[in-house]
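Chain by chain, the residues run as shown.
2 protein chains.
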Amino acid sequence: MKGVNALSEILVALSMVCLCLLCQCNSETVTYIVHMDNSYMPKVFTSQPHWYSSTLASLDSATEHGNPTVLYSYQNALHGFSTALSPQELDTLKQTPGFISAYQDRATTLDTTASYSFLSLNTSHGLWPASNYGQNVVVGVVDSGIWPESDSFKDDGMLTQTPPKWKGKCEGGQRFDPSFCNSKLIGARYFNKGFLAANYSDDVGKAGVDSVRDSVGHGTHTASTVAGNYVRGASFFGYAKGTARGIAPRAKIAMYKVAWGRHTFASDILAGLDQAIADGVDVISISMGLDMVPLYEDPVAIAAFSALEKGVVVSASAGNAGPSLGTVHNGIPWVLTVGASNTDRSFGGTLILGNGKRFSGWTLFPGSATVRNLPLVYHNNASACDSSALFSQVPRRSIIICDSVMDVKQQIYHVSSSQVYGAVFISGDPTLFELEKMPFPGLVITPHHGKNVIEYARATSHASATIKFQETYFGTKPAPTVASYSSRGPSWECPWVLKPDIMAPGSSILAAWVPDLPSAQIGPNVVLNSEYKLVSGTSMACPHASGVVALLRNAHPEWSASAVRSALTTTASPLDNTGKPIQDNGEPSQRASPLAMGAGLIDPNRALDPGLIYDATPQDYVNLLCAMNFTQAQILAITRSKAYNCSSPSYDLNYPSFVAFSVNKSATVERKFRRTVTYVGDGPAAYTARVSSSNDTQISVSPNRLVFKAKYEKHNFSLKLKSEMKKENVVAFGSLEWVEEKGRHVVRSPLVVLPTNFVFSP
Amino acid sequence: MKGVNALSEILVALSMVCLCLLCQCNSETVTYIVHMDNSYMPKVFTSQPHWYSSTLASLDSATEHGNPTVLYSYQNALHGFSTALSPQELDTLKQTPGFISAYQDRATTLDTTASYSFLSLNTSHGLWPASNYGQNVVVGVVDSGIWPESDSFKDDGMLTQTPPKWKGKCEGGQRFDPSFCNSKLIGARYFNKGFLAANYSDDVGKAGVDSVRDSVGHGTHTASTVAGNYVRGASFFGYAKGTARGIAPRAKIAMYKVAWGRHTFASDILAGLDQAIADGVDVISISMGLDMVPLYEDPVAIAAFSALEKGVVVSASAGNAGPSLGTVHNGIPWVLTVGASNTDRSFGGTLILGNGKRFSGWTLFPGSATVRNLPLVYHNNASACDSSALFSQVPRRSIIICDSVMDVKQQIYHVSSSQVYGAVFISGDPTLFELEKMPFPGLVITPHHGKNVIEYARATSHASATIKFQETYFGTKPAPTVASYSSRGPSWECPWVLKPDIMAPGSSILAAWVPDLPSAQIGPNVVLNSEYKLVSGTSMACPHASGVVALLRNAHPEWSASAVRSALTTTASPLDNTGKPIQDNGEPSQRASPLAMGAGLIDPNRALDPGLIYDATPQDYVNLLCAMNFTQAQILAITRSKAYNCSSPSYDLNYPSFVAFSVNKSATVERKFRRTVTYVGDGPAAYTARVSSSNDTQISVSPNRLVFKAKYEKHNFSLKLKSEMKKENVVAFGSLEWVEEKGRHVVRSPLVVLPTNFVFSP
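Residue numbers (this note's numbering), protein chains in the order written: chain A, 179 to 940; chain B, 179 to 940.
Please keep in mind that the hints were generated in silico from the structure rather than gathered at the bench. You may find that some hints are simply not true.
Treat identical chains as interchangeable: a pair holds within one or across any two.
[Claimed, not checked] Lysine to aspartate or glutamate pairs mimicking EDC-like chemistry, simulated, CA-CA at most 20 Å apart:
no., residue 1, residue 2
1, K900, D830
2, K272, E206
3, K646, E327
4, K646, D694
5, K419, D329
6, K820, E891
7, K535, D694
8, K898, E327
9, K820, E918
10, K892, E918
Because the structure is a prediction, the values reported are computed rather than measured.
Work out the full structure: start from the sequences and follow the hints.
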């Protein structure tokens with residue numbers, strides 16, 4: 179996991195530890211999430227919560243902790259509750275009529291703002307004006323809380339009326355008064371019972387457990403990225419200076435705080451999602467996920483199915499465990515899974531040599547450093563920059579050149595503890611630019627430029643240089659690239675659908691931050707904070723997509739959640755700003771596969787008018803679950819309702835992308851897919867199929883021409899694929915495009931063929 | 179010289195060195211300033227410059243450098259020229275008809291912006307609206323040049339028409355295009371011939387010699403303090419945040435660059451002043467001065483006399499050599515000499531102990547440091563903080579308490595090189611708050627608070643603390659106090675008039691800065707720059723007064739330069755914001771004497787309507803020079819013209835303050851002063867004299883009641899003083915107030931009695 183933000187790194191690492199701790203611990207009780215079939219509820223109970231608590235009360239408890247109590251009862255995301263149980267109590271509970279399943283609570287991994295322009299959002303045409311900037315759409319952000327005083331959450335220019343179907347509220351707590359809500363932040367709730375039950379007493383104080391107030395920064399950042407108001411003069415220590423704004427600047431925010439410091443639990447996430455659905459949000463943005471859990475125990479999967487039924491799109495982050503394949507989380511068929519891209523914005527400075535030559539480079543030194551007309555030193559030993567002691571040989575008031583023998587991050591560390599005034603680092607590592615830290619007045623230049631600079635320093639008797647900082651560049655090429663840290667498909671939970679679906683800007687995103695928390699560092703011991711922070715991660719990509727979904731909700735209120743996902747997928751761009759296929763920063767100079775980027779970079783304006791849509795009903799998703807051989811209880815844990823049936827199990831989910839693989843380890847993969855497209859254009863139109871793939875893969879589409887007479891007309895087609903997998907580790911990929919004749923729509927679906935070894939057996 | 183800004187410290191120190199170097203150097207030629215009597219010019223010459231150069235050409239030069247040439251010919255400030263001469267050439271020149279005097283060129287010492295509100299300037303009434311914010315008044319700033327790109331010099335809201343009498347121009351040069359001038363910056367010229375003639379070749383590059391562009395910062399700061407435009411969101415790394423503006427925000431600026439890096443020469447200053455007068459400026463602001471030169475060789479004195487004749491007020495800084503007495507420079511009777519005060523604004527942060535107790539303290543740490551919930555350490559050895567090595571005993575992630583055993587500035591230095599995360603310094607030194615630097619996340623608290631903090635740290639097992647930075651406080655009491663560094667009277671050049679005249683805010687003044695230059699520091703090696711900087715010095719006080727003069731020029735165009743100076747002096751406030759006499763920060767808890775603060779803090783709104791005025795004509799000043807026994811040549815060097823005579827020599831300059839001393843070393847000082855006041859109110863009025871003084875001084879005024887029937891009526895009075903000087907070093911002081919009966923005017927003149935040992939013999 180290179181180049182991901184430090185916060186997420188910590189969270190990922192620690193949550194792994196937590197999971198293990200939970201499994202091994204011998205404490206008498208463990209928190210469980212219990213799914214119940216409400217149709218079993220005896221008529222004497224007036225409500226499900228009443229039934230649940232009565233059920234727990236009736237357990238013949240053999241432990242000294244007394245009868246278990248309900249932590250949460252869930253009514254929307256699922257039917258059921260969470261509770262702390264002893265093994266005996268769990269056994270008894272399983273015998274209760276209406277019991278579907280129970281599984282242990284789990285710790286979760288948590289996975290700005292010139293990016294709107296990188297996504298071509300603009301005020302003159304396209305999705306922004308068409309959606310009225312998301313006016314009055316409610317985005318439920320399930321995260322670590324919010325810093326309500328941030329300028330991004332002021333309500334200047336917001337409609338004061340509450341959306342009619344809104345039923346949420348603003349919950350007070352520690353350092354959070356209900357009056358902190360306004361016409362921008364209309365809902366705020368917190369869910370900490372799972373966290374408290376897990377008894378991380380040492381962290382309770384730091385987590386700020388009794389309030390929606392953000393003590394992590396993550397939720398403040400994501401919420402402002404989705405729907406932050408306009409804030410002039412935002413910057414991260416002078417970088418990325420400009421007017422910050424969310425992707426849907428006129429949408430309203432409801433924060434559901436479920437992440438507590440370093441620990442986040444499935445029971446709390448479920449409670450937050452449950453409440454968000456009950457409150458009537460239009461979109462759910464969730465920048466966290468559980469690794470390697472089956473769909474029927476994944477709180478996001480469970481809640482998102484309920485959301486799907488209500489037409490609420492759930493947009494979730496893919497995770498920061500890339501570039502290894504098979505690392506994506508939230509790989510849920512009925513969720514929009516979002517990977518992270520780098521953008522065309524970069525930060526840096528300029529090295530000006532005494533001879534006038536200028537070299538641009540990367541830096542994020544958090545201040546207006548003055549490194550001006552100082553001696554430029556290339557020193558045979560010290561320029562290795564691999565030990566702080568070496569610098570005693572270098573004059574303090576000088577700029578040291580650090581040659582690229584070792585890891586630049588280590589060099590930065592050593593130079594930061596030295597007393598020299600500036601440094602020039604030389605490195606070609608493309609993930610370096612996903613870094614968020616430069617605690618020293620240094621600049622990273624390419625090896626190509628480095629050669630010139632070293633030459634100058636060696637050949638010139640009074641070599642000198644100046645370094646300028648706080649520069650922000652646009653138009654970096656190529657862009658986007660897939661961020662190296664972005665988790666890759668296939669999905670462990672459901673490899674039959676391509677995940678991630680799309681990618682959105684995730685690297686160096688400027689958004690609001692908690693001013694109480696560290697944001698940058700100078701030298702070994704000076705820690706700085708700021709109200710806006712550049713952060714990288716799929717957690718930052720997800721709210722971009724959530725914001726676009728919010729805009730589409732206003733532009734196309736008639737679309738189902740599946741239709742919205744289809745529109746975003748089939749219009750995403752697989753090309754970068756040089757017109758070539760997007761590259762993968764995790765595998766430099768390699769063309770990115772759909773396992774890395776899904777269909778490509780989200781394209782909001784094109785999504786407004788996708789031409790054709792791959793729609794799907796909740797039953798369609800159930801048919802996939804049936805094909806996956808889930809038990810009835812497992813399916814019921816997701817669907818809550820017996821209204822769904824397994825009469826037509828099928829892997830052919832009507833999804834806007836294609837994944838094929840050989841289940842029986844043969845080297846030849848053959849697959850026939852069936853799909854239905856719905857025409858959402860106006861007037862008659864005809865589309866022709868155009869396929870592309872690598873040489874060893876044959877694709878045919880039948881019929882390969884579709885003629886539509888009117889809006890909402892549907893047509894079926896089939897796609898046949900035959901691929902020879904020559905090497906075990908190579909993924910083949912291609913695409914199907916429905917190209918509008920005499921029109922401008924191109925409806926593109928990515929296509930992937932996986933060699934055997936990538937297939938999991940959930 | 180405690181607590182003065184580093185820049186001025188360096189300048190003062192180095193200029194002393196330069197003076198010595200100049201005197202000792204044996205180079206063949208030395209630059210001289212030569213005064214000539216233009217009435218001697220033969221009729222064959224069409225112009226004075228022609229005459230001057232011809233005179234030089236006719237010198238029978240014995241040196242190999244060829245005949246000397248004119249560096250500058252001066253026409254306004256004086257009649258004469260500067261040139262580099264060998265001793266023989268000088269001798270020959272002295273024989274030339276019309277020669278008055280010649281003296282060596284000298285190196286000079288260079289001496290924002292919530293202060294407007296501290297001075298009660300406001301938009302609803304008083305001097306700001308009465309003067310239309312100085313609209314179209316031209317302030318000539320004689321300084322180190324200007325950074326034209328600063329937001330403070332944008333011309334939004336400025337009248338585009340050039341003042342009719344304006345004859346200046348915008349001179350192009352290195353990195354300075356004439357197009358940089360606009361409706362705010364209407365003039366820009368540079369004068370470097372004296373500097374170049376002095377041959378500081380090493381410094382030529384750094385000084386930026388071929389342009390008005392500021393390479394020092396000083397001129398940019400003073401110019402924006404006088405007349406900077408409104409700039410929203412200005413701050414010094416988060417301190418003093420707000421809208422910056424000059425005292426006369428609608429006045430126009432003309433920059434005369436005469437200061438070059440560390441070296442500034444009298445010949446260049448004279449040229450700049452000469453040009454400013456020729457160009458038609460309304461006010462001259464000059465924040466530099468020469469120490470210990472006689473009036474007839476002081477370029478400021480010489481040029482200011484010419485300015486006086488034209489009704490142009492010259493406002494000059496007192497110098498930063500306080501708190502010793504007799505250190506004031508620019509102590510020129512016809513100049514407004516301005517000392518520096520501290521204001522009621524202070525900068526700092528808050529220490530919050532783990533037990534919730536809060537202590538405010540001083541800091542200027544230049545960043546948003548996060549020092550939060552860290553262990554608070556009081557360590558028997560390390561808390562001396564007198565060696566960087568000690569800190570190895572202290573955990574890095576902690577806040578160290580530094581006890582006040584040694585100099586806090588040294589402690590800050592040592593802690594800055596350590597790796598601890600924060601520090602609490604304990605000190606009661608009031609001059610500490612005139613400091614401009616805190617390169618480490620530390621806070622200075624008082625010994626009284628320090629006791630509590632040490633007690634808490636010692637008694638508590640897990641003592642912890644948080645420090646908040648970037649806080650700006652208003653309402654500090656007492657304020658103003660005299661800044662310790664402000665140079666004190668009496669004037670070496672002319673002890674018969676009280677200098678400084680008044681004081682203005684000079685400490686921690688926020689104004690525009692050169693973004694290329696260092697502005698602050700973090701740790702031992704990170705140097706930061708910024709577009710606005712807090713700087714302290716009389717250099718910052720002077721432009722405040724110059725700005726007020728510019729406002730008065732619009733409000734009272736009919737007043738003479740002497741009248742303006744009188745209005746400012748007699749209305750200045752001797753009381754602080756606790757209603758008590760202003761204290762002297764140079765002698766803590768001591769009442770400030772008029773030698774430190776003149777009449778007190780400048781009060782712009784009262785100066786608008788002073789009631790009575792002590793006016794004086796140029797001849798009145800000449801009468802004083804005559805009494806001082808100056809030779810005719812010496813007087814002519816100042817006056818340029820034989821129109822003045824010595825028929826009435828008199829120490830009784832009609833000055834708005836009183837200085838008495840015994841010339842013959844007697845312990846009893848007796849003096850009778852004669853003064854004339856001009857009534858500038860409307861309608862009839864009567865004033866009664868009220869005197870105050872220490873016990874050993876008797877004062878009587880005759881008549882002690884003055885009745886005025888109409889505006890501009892004049893009355894004479896005399897003041898008799900008898901004082902017993904009991905101790906040699908004690909200065910006695912008091913005041914005369916003319917109190918309006920049935921009115922609100924109080925016309926106050928400070929009064930000083932000097933013991934013998936303070937009198938110089940110029």
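Taking the hints in turn, this is what the structure says about them:
With identical chains, the CA atoms of K900 and D830 are at most 20 Å apart within one copy only, with a shortest distance of 17 Å there and 112 Å across copies. Only within a single protomer do K272 and E206 lie at most 20 Å apart by alpha-carbon distance; the minimum there is 18 Å, versus 109 Å between protomers. When the C-alpha separation of K646 and E327 is checked against a cutoff of 20 Å, the pair qualifies only between copies, where the shortest distance is 17 Å, while the shortest distance within a copy is 33 Å. In this homomeric assembly, K646 and D694 come within 20 Å of each other (Cα to Cα) only across copies, at 10 Å, whereas the closest approach inside a single copy is 29 Å.
Taking identical chains as interchangeable, the C-alpha atoms of K419 and D329 lie at most 20 Å apart whether they share a chain (15 Å) or sit on different chains (17 Å). Taking the shortest alpha-carbon separations for K820 and E891, neither the intra-copy value of 30 Å nor the inter-copy value of 106 Å comes in at or below 20 Å. For a Cα distance limit of 20 Å, the shortest separation of K535 from D694 across copies, 18 Å, qualifies, whereas the shortest one inside one copy, 41 Å, does not. In this homomeric assembly, K898 and E327 never come within 20 Å of each other (Cα to Cα): the closest approach is 56 Å inside a single copy and 66 Å across copies.
Taking the closest pair of Cα atoms, K820 and E918 never come within 20 Å of each other, the shortest separation being 41 Å inside a single copy and 98 Å across copies. Proximity of K892 to E918 under the C-alpha cut-off of 20 Å is restricted to the intra-copy arrangement: shortest distance 15 Å within a copy versus 97 Å between copies.
Violated hints for the displayed structure, listed by number in ascending order: 6, 8 and 9.
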